[in-house]
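Asker: Listed below are the residues making up each chain.
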Amino acid sequence: MNVESLNTSPSEIEGVSRFTIVVNITESQMKKVIGQIEKQVEVIKAYYHTEEEIIYQESCLFKIKSELLFEERQIQNIIRESNANIVTVNKKFFVLEKSGRKEEIDLLYRELNAFGIMQFTRSGRVAVTKDEMKISTLLKAFQE
Amino acid sequence: MTSTATLHNPLNPMEIKTEENKLKQSSTTERISGSEAIIKCLLAEGVDILYGYPGGAIMPVYDELYKYQDKIHHVLTRHEQGATHSAQGYARISGKVGVCMATSGPGATNLITGIADAQIDSTPMVCITGQVGSHLLGSDAFQETDIVGISTPVTKWNCQITKASQIPEMLAKAFYIAKSGRPGPVLIDITKDAQFEEFDFKYEKCKGVRSYKPVPETDTTSLQAAADLINSAKKPLIVWGQGVILSKAEEEFKAVIEKAGIPSAWTILGASAIPTDHTLNVGMVGMHGNYAPNVLTNECDVLIAIGMRFDDRVTGNLASYAKQAKVIHFEIDPAEIDKNVKTDIAVLGDAKASLKSLLPLLEPNSHNDWHQKFKDLYAIEYDKVIKHDLHPTKEGLTMGEVLKEINIQTKGEAAIVSDVGQHQMIACRYADFKVSKSNITSGGLGTMGFALPAAIGAKMAAPEREVVMIAGDGGYQMTIQELGTIFQQRVPVKIVVLNNEFLGMVRQWQQLFFDKRYASTEMTNPDFITIAKGYHIEAQKVTERKNLKAAIKDMIDCEGPYFLEVRVEKEDNVFPMIPTGASVSDIRLE
Ligand SMILES: Cc1ncc(C[n+]2csc(CCOP(=O)(O)OP(=O)(O)O)c2C)c(N)n1
Ligand SMILES: [Mg+2]
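Respectively, the protein sequence lines represent chains F and H. Mapping the first sequence onto my numbering, position 98 (from 1) lands on 98, and the numbers just tick up by one. Mapping the second sequence onto my numbering, position 342 (from 1) lands on 342, and the numbers just tick up by one.
The hints are simulated quantities; they were obtained by calculation from the structure and are not laboratory data. Take the hints with a grain of salt, since some may be wrong.
[As the list claims (entries may be wrong)] Below, a list of computed lysine to any residue pairs in the SDA-like style, where the Cα atoms sit at most 20 angstroms apart:
(1) F:LYS140 / H:GLY208
(2) F:LYS32 / H:VAL209
(3) H:LYS342 / F:SER9
(4) F:LYS140 / H:VAL209
(5) H:LYS213 / F:ILE37
(6) H:LYS570 / H:THR521
[As the list claims (entries may be wrong)] From chain F, some residues computed to sit far from chain H (all C-beta separations above 12 angstroms):
(7) VAL3
(8) GLY15
(9) VAL33
(10) GLN36
(11) ILE37
(12) ILE44
(13) PHE70
(14) PHE93
(15) SER123
(16) LYS130
For clarity, every value in this text was computed on a predicted model and none was experimentally measured. Beta carbons: idealized from backbone N, C-alpha and C, even for Gly.
Kindly produce the complete structure, drawing on both the sequences and the hints.
Answerer: Following this line, the structure appears as structure tokens:
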């Protein structure tokens, strides 16, 4: 089993963290993994969801030479079409931010890479479920 | 003697009780050091004995142990691994939490084998390690090791304490987690400055951890479904494990199998939950288990697993394991459900409670024809294997006949603490158990060197019981230094070494699967008798059958510790055997 991405952040409840782990395995393997994770004393609850059951986003940052923005007209089109945002621009470089599905980020990377990227970094996945998640009520009980 | 110190008996349970009650009720605080607080926490948890080894980073705690020596008995083992196995032996025979202690760095890493053993065999244990001062953490200080990191995969829970004020809560949590639900080892790492620091001490036992549910709720529909399936079964087979012993469900278990008349087989750690000679006890399953329960696993129509985890040594090849049967799994740990064998009905919960609720739902039955099959296959196993093990006609001594004689002379009342190898399989196959918690062995990890220190812990926890340790010449030498502990503490354990001058179990595999290429399995052994005598332990060696009985009598009659070496046949094999990768029903008799 290989972890594709891992995101850890504070949840809406103080003192409780949420881990979002992306793996590519069969459901029966997944059930065993969930069992082992949930068995950890400090873990409150572990759930798994298939891609169809969630809405998710990943986020990434590109650092690109500023001169390209003016020399390569195509870059401006790419930025506009991809719904990426320019975070900052200075004389040397500009920073582009894009949130989206994995494939959208992969595509943008390929397109921009043709012109040269100074730095690239991407986040793990964050997701919400389409159906209600029981953890929300469970966590509320913790607050009381 | 004029000393007044003798007034206190360190092992007097009454004294410990009052101390325990005093501490339990203490709602007021007192200002003490972290290290004294550790002792007070142990006392509040009812700890009377702990095993360990001192060193720089744990010295403040040892200083307190010195002051409290009339209330808590610290046993100095000869190696920290010995301390863990002693704590395990203590826990396994008593059902209480075993406690051990070590210093940082090498002391802590020496605990790892025992911790891993306790984890895989679900043994409740609390390990306390000293750690370098918190200002030195992460600096590669002298004897600094990240023991929390190292022990994470082999503990049920662990934590590091850097402030004295955390000690009461964390230790309370440690004991609670170690013994509740499916038990396991917990490690608490305490920095030296936290041991020195003074704070306002107050102890409260842990009543729960928000993210941890020790026992899942039993759902009544699955229980009813299980009962219906059992009632409709024509050829039911029960395989029980240590869960029955850990949940103290022996009586409930016996009532269930007797009412439903179900043949019942055990995993190695389930042994002794019901007496060996119980008519429904059909023997051990697994690699060197009995013929009938292994073969008939692949013939039963309903397989009922109780407090066991379908280890690969039990199931053989999973693809051909009990495929014809419907499987019911009674289990406390949800992660075990469907882990190895897909179940039809899972009954989550504590075995004692589940079996109690199951009993009234069962219909009385006897399954006579089905039982006959077990008897028929037993007769085959007797003829091909057991007869030769227990009543040999050849010249060399067998391990089996030693066990038989020990059974006779201890009336089956001894606790058998076995090491790992051929002698272990023979001990578990042939020991005659009458009382629960009598089979103390390293099952899941198969840790050579387990037996001698584990026997020390078992005997100290249950001084009224006869404790007989059985080891091979190989494993015995892995923790042989614990003879020093036996000598210093005068622990009257009976030490039996079945000496075949080989790492016998490995040699057996080399014979069967590697064309007898005996690579590094032959042992040139020392004079074991002289070694035992060096520790002032009475000792005897048996090389001929005619002397066996008397030698075992000498051993049993001896009031102190006793060492008995029996020279057995060098190249005997343990059968039956399920070769790795084979199906349980392809078990070999020769
Ligand atoms: C610590 C450890 N190292 C290696 C092994 C592998 N192993 C399993 S059984 C065995 C041989 C044991 O020999 P001995 O103690 O003489 O017992 P016998 O099989 O001869 O009865 C070995 C080396 C093990 N189980 N544990
Ligand atoms: Mg040997």
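Asker: Now tell me, hint by hint, if it's right for this structure.
Answerer: Now for the hints, and whether the structure bears them out:
About 18 angstroms separates the Cα atoms of LYS140 of chain F and GLY208 of chain H, which keeps this hinted pair within 20 angstroms; it holds. With a CA separation close to 23 angstroms, the supplied pair LYS32 of chain F and VAL209 of chain H exceeds the 20 angstroms bound. For the suggested pair LYS342 of chain H and SER9 of chain F, the alpha carbons sit about 35 angstroms apart, so the restraint of at most 20 angstroms is broken. This hinted pair checks out: LYS140 of chain F and VAL209 of chain H have alpha carbons roughly 16 angstroms apart, not beyond 20 angstroms.
Between LYS213 of chain H and ILE37 of chain F the alpha-carbon distance is near 13 angstroms, which keeps this suggested pair within the 20 angstroms criterion. Proximity of LYS570 of chain H to THR521 of chain H is assessed by CA-CA distance (about 11 angstroms); at most 20 angstroms being required, the pair is judged to hold. At roughly 16 angstroms, the least C-beta separation between VAL3 of chain F and chain H is larger than 12 angstroms, which holds for a residue marked as non-interface. Not every CB of chain H lies more than 12 angstroms from the CB of GLY15 of chain F, the least distance being 10 angstroms, so the non-interface label is violated.
Here VAL33 of chain F does not stay apart from chain H, with its beta-carbon only about 10 angstroms from theirs, under the 12 angstroms limit. Distance to chain H contradicts GLN36 of chain F as a non-interface residue, since its nearest Cβ pair spans about 6 angstroms, not more than 12 angstroms. At roughly 9 angstroms from the closest C-beta of chain H, the C-beta of ILE37 of chain F falls inside 12 angstroms, breaking its exclusion from the interface. Its closest Cβ contact with chain H, about 4 angstroms, brings ILE44 of chain F to no more than 12 angstroms, contrary to its assignment away from the interface.
A cut-off of 12 angstroms between C-beta atoms confirms that PHE70 of chain F is not in contact with chain H; the least separation is 48 angstroms. Against chain H, the non-interface label of PHE93 of chain F holds: every CB pair exceeds 12 angstroms, the least being about 35 angstroms. Chain H leaves SER123 of chain F outside its interface by the beta-carbon criterion, the shortest separation being 26 angstroms against a cut-off of 12 angstroms. Every Cβ of chain H is farther than 12 angstroms from the Cβ of LYS130 of chain F; the closest lies at roughly 26 angstroms, confirming the non-interface assignment.
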